[in-house]
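Asker: Each chain, letter by letter, is given below.
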Amino acid sequence: DGGITQSPKYLFRKEGQNVTLSCEQNLNHDAMYWYRQDPGQGLRLIYYSQIVNDFQKGDIAEGYSVSREKKESFPLTVTSAQKNPTAFYLCASSIWAGSGNRETQYFGPGTRLLVL
Amino acid sequence: AQKVTQAQTEISVVEKEDVTLDCVYETRDTTYYLFWYKQPPSGELVFLIRRNSFDEQNEISGRYSWNFQKSTSSFNFTITASQVVDSAVYFCALSENSGNTPLVFGKGTRLSVIA
Chain A
1 DGGITQSPKY
11 LFRKEGQNVT
21 LSCEQNLNHD
31 AMYWYRQDPG
41 QGLRLIYYSQ
51 IVNDFQKGDI
61 AEGYSVSREK
71 KESFPLTVTS
81 AQKNPTAFYL
91 CASSIWAGSG
101 NRETQYFGPG
111 TRLLVL
Chain B
1 AQKVTQAQTE
11 ISVVEKEDVT
21 LDCVYETRDT
31 TYYLFWYKQP
41 PSGELVFLIR
51 RNSFDEQNEI
61 SGRYSWNFQK
71 STSSFNFTIT
81 ASQVVDSAVY
91 FCALSENSGN
101 TPLVFGKGTR
111 LSVIA
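Top to bottom, those sequences are chains A and B.
Mapping the first sequence onto our numbering, position 93 (from 1) lands on 93, and the numbers just tick up by one.
Mapping the second sequence onto our numbering, position 52 (from 1) lands on 52, and the numbers just tick up by one.
Worth flagging that the hints you see were computed from the coordinates, not collected in a lab.
Derived pair list, reagent style DSS-like, types lysine-lysine, alpha-carbon separation capped at 30 Å:
1. A:LYS71 to B:LYS38
2. A:LYS57 to B:LYS107
3. A:LYS9 to B:LYS107
Start from the sequences, fold in the hints, and give me the full structure.
Answerer: Here it is, written out as structure tokens:
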């Protein structure tokens with residue numbers, strides 16, 4: 001089945017530790033995105049990538065890093081610099097039409113990150 | 001700058017009632033796209049509808065309908081004869097064709113349908 005997978009479903013981080021969240025898609029989409037969701041809040045964009053080996057910061061990129069070495073994969077690392085990482089993280093992907101932002105984003109099931 | 005406001009934080013209805021979720025947006029672009037997503041308790045966002053700024057026709061899909069009015073910058077979502085399975089958080093989102101941020105979300109409306 002085509003879709004977006006995220007792993008793990010739950011992740012625990014110790015103080016000062018970097019952790020990496022996985023996102024894989026087999027939809028042949030060009031663009032991928034990472035969002036953070038806090039309780040009672042909408043989704044806020046962390047990073048996005050339109051093509052392999054290229055990515056842009058979103059609204060809340062500080063304390064996070066990404067890579068895009070393969071079209072199918074867009075892992076997110078939550079670094080120790082992110083002081084309040086507890087949140088629900090959602091990955092999405094879409095077709096990239098070359099210009100503009102008009103394509104629909106499809107979402108994975110999410111990863112819940114908790115700090116010990 | 002683009003902005004989406006969902007003024008209703010939480011709504012509770014009894015099963016079979018109709019319910020309307022409000023969405024008001026702000027944008028300077030003449031070309032933009034509006035979306036609704038559903039987030040059930042499992043957490044995954046489910047895409048419901050995408051509408052571009054040049055198409056103001058209302059749309060109906062089963063028990064769901066959407067009312068797009070550019071004059072009031074609103075894109076409201078109505079569920080007819082609500083069911084318990086409709087209980088979820090619903091997000092409205094906006095994408096400007098020339099904006100730097102691909103998609104901006106409202107804060108969501110939590111809908112509880114009581115049997």
